[in-house]
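K.L.:
Take a look at the letters that make up each chain.
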Amino acid sequence: MIALSALVRRDVRVALRVGGGALIGVLFFLTVVVLMPFAVGPDLALLKQLGPAILWLGALLASLLTLDRLFMADHEDGSLDVILMSRTPLELACAAKALAHWLAVGLPLIIATPVLGLLLNLDGAATGAVALTLFVGTPALTFTGMIGAALAVTLRRGGLLLAVLVLPLSIPVLIFGVAASQAAISGPLPFGTPFSILCALSLASLVIGPFAAAMSLRQGLD
Amino acid sequence: MKLTGRGLRCERGQREVFSGLDFMVAAGEAVAVTGPNGAGKTSLLRLTAGLLALAGGSIALEGGEPDLTLPEQAHYLGHRDALKPALSVSENLSFWQDFLGGDAAETSHALSVVGLDHVAHLPAAVLSAGQRRRLSVARLLAVKRPVWLLDEPTSALDTEGQNTFAAIMTGHLAGGGLILAATHAPLDVAARELRMGAVG
Amino acid sequence: MTLTDLANPSRFLSLATRILPWLAAATALLLAIGLYLSATAPDDYQQGATVKIMFIHVPNAWLSMFVWGVMSVAALGTLVWRHPLADVAQKTAAPIGAAFTFLALVTGSLWGRPMWGTYWQWDARLTSVLILFLMYLGLMALWRAVDDPSRAARAAAVLTLVGAINIPIIKFSVDWWNTLHQPASVFRMGGSTLDRAFLIPLLVMAVGFTLLFLTLHIAAMRNEILRRRVRTLQMLQASKPRAAA
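Chains as they are written, first to last, in the working numbering: chain H, 797 to 1018; chain L, 19 to 218; chain F, 93 to 337.
Hints are supplied without guarantee of correctness; some may be wrong.
Said to hold, decoys possible - Quick look at which bits of chain L chain H covers, simulated, 3 or more residues with Cβ under 8 Å:
1. 99 to 106
2. 116 to 129
Said to hold, decoys possible - Partner residues are not named here, just some residues of chain H that face chain L (Cβ under 10 Å, in silico):
3. Leu803
4. Glu872
5. Gly924
6. Arg1014
7. Gln1015
Bear in mind the hints are in silico, worked out from the structure with no lab data behind them. Only a predicted model underlies this, so the values are computations on that prediction, with no experimental measurement involved. Heads up, the beta-carbon is just placed ideally off N, CA and C, and yes, glycines get one too.
Make the full structure from the sequences, and use the hints.
P.N.:
Laid out in structure tokens, this is it:
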């Protein structure tokens, strides 16, 4: 437990200090959301309708594109070797790293959501629904994306390849995240159905992600 | 305690680096792995550390903790220092000490042994290559592990640093530890030599 | 960094220490007068008391562009003369500029609220300010991402100058985009038709806010120079053997 909390604290600290990428995630989110009206036009009624989808897409891209250095940085400076040799199971260490990434990148996205909701003309309830679904759904994005980040170490390259590998895996989360937000805003589905499925997806990814990432890291030993 | 490797075979990218290699390190003993570049010194250390998959043969530690695997009882000091430049010297060390399960009281002692206690609060980014190496050596002191696998441990160190490191190794051996070190330079402690790959 | 490099910033430091109290006092005085004049200015016959947000909003919007101009000059200093003070001026202006831009956005949307019924409308002016705000944030992210200050300074200088050329183009594009979608803009404020009763407080506030920027900027530059000295001393301390420490 001490080992895992130490790992979480270290990763959050590194992300927040100079050279860390935590705040760039939020900035990317903001930029993507601001770009949307330029593509679809400044029609507030339309933006209100598209709002949850735009916010979800922005959060999805922001959390996945910041993931590619999750293991790569540790691999390059040799930390990954020491982590692999430690008495902490690699699966738990992976989970701790993903949790730290979510705290440093995912959580700020959710905090930024109300401001962006304002730009997209979402009312309080709609913004709340999107923030709630993001709160439940972004861990799923981080923990699935982690698999790609581990593969990036094995394959010795990250960036767009990672995005191509991981984006298809995140489609279910996107579907039920947007569906739950839309349900809360306009119906006709009850909010609970897609929201429960979103929770289930998140919980499943919390289990699958660390195992798959650890397996991939072990295979990629070099 | 005894570390033995039998009939080791190592492959890197479909190429055989070495095969049929045997070695043995007993408690309190240091073995210096020597040989030309490409002979597989680093590979042997990484095989032992569990960071490379064996293509054949076996490595075993006799007389260690029965519940733990060999890598879990070993320290590997590679070319890369496993440091985060954004964290301070003491943050870096106490992270590893927390993560690897060392004694918290050892941190400041380890820093003073390697001669970094006066820069403990500075970010690791300002350290020189030799100081970074000293800081990763401090990890070996802050967390107790019987087996030390050292890859060119003294490469970035100055004379004073090499003397300090020799004293640290002597202390480790006196406490019943094992050292397997890949090196070009003489190791400064009494060591048996394991010569690898004279023929390419 | 060597000691000769610090010589020039040293002169700046002593100058800054002498000038800052006066500058701060002048800022406080002008802002006090400006706020008083703004408070006593008559209500607009159409907008009522909300027009008074203008006295805060317009100076902030003006500064959001002025600060980019200051950064562009400093960026030239970095690229052409390699002056260390220019690096410092660039770096410290960015967060202050971002803060003014943010205030311009917030006051703009508060001002728009009674007219539009929403806090945000993709109005051409506000949208341009929002993009400017994003560019400030990007610049700050660039400064944070690179550890070596002089390398960061050169990268930031290029970005600042490209931004300075691009801002009018962005402004034009946004105007075009906006009129394409909404032929009648809700938010028109003719500058020349402004009544004297509004103009004088506005001018006083604009000068006051500009002085506020100067005060903050000089103070931030002084802090940054001191921060860099601390770092240099840390480096020196790190490279010294322990016996001498």
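K.L.:
The structure should be examined with respect to each hint, and the outcome stated for every one.
P.N.:
Against the structure, the hints come out as follows:
1. Under the rule that three or more residues need a Cβ within less than 8 Å of chain H, the assignment of the region 99 to 106 of chain L holds, with 7 such residues.
2. Residues of the region 116 to 129 of chain L with a Cβ under 8 Å from some Cβ of chain H number 4, which satisfies the need for three, so the listed coverage holds.
3. This hint holds: Leu803/H has a C-beta 6 Å from the nearest C-beta of chain L, less than the 10 Å allowed.
4. Look at Glu872/H: its Cβ gets to within about 7 Å of chain L, closer than 10 Å, so that hint holds up.
5. Because the closest C-beta pair between Gly924/H and chain L is about 35 Å apart, greater than 10 Å, the hint is violated.
6. Contact between Arg1014/H and chain L, as hinted, is supported at the beta carbon level, the nearest pair being about 9 Å apart and thus within 10 Å.
7. Contact between Gln1015/H and chain L, as hinted, is supported at the beta carbon level, the nearest pair being about 9 Å apart and thus within 10 Å.
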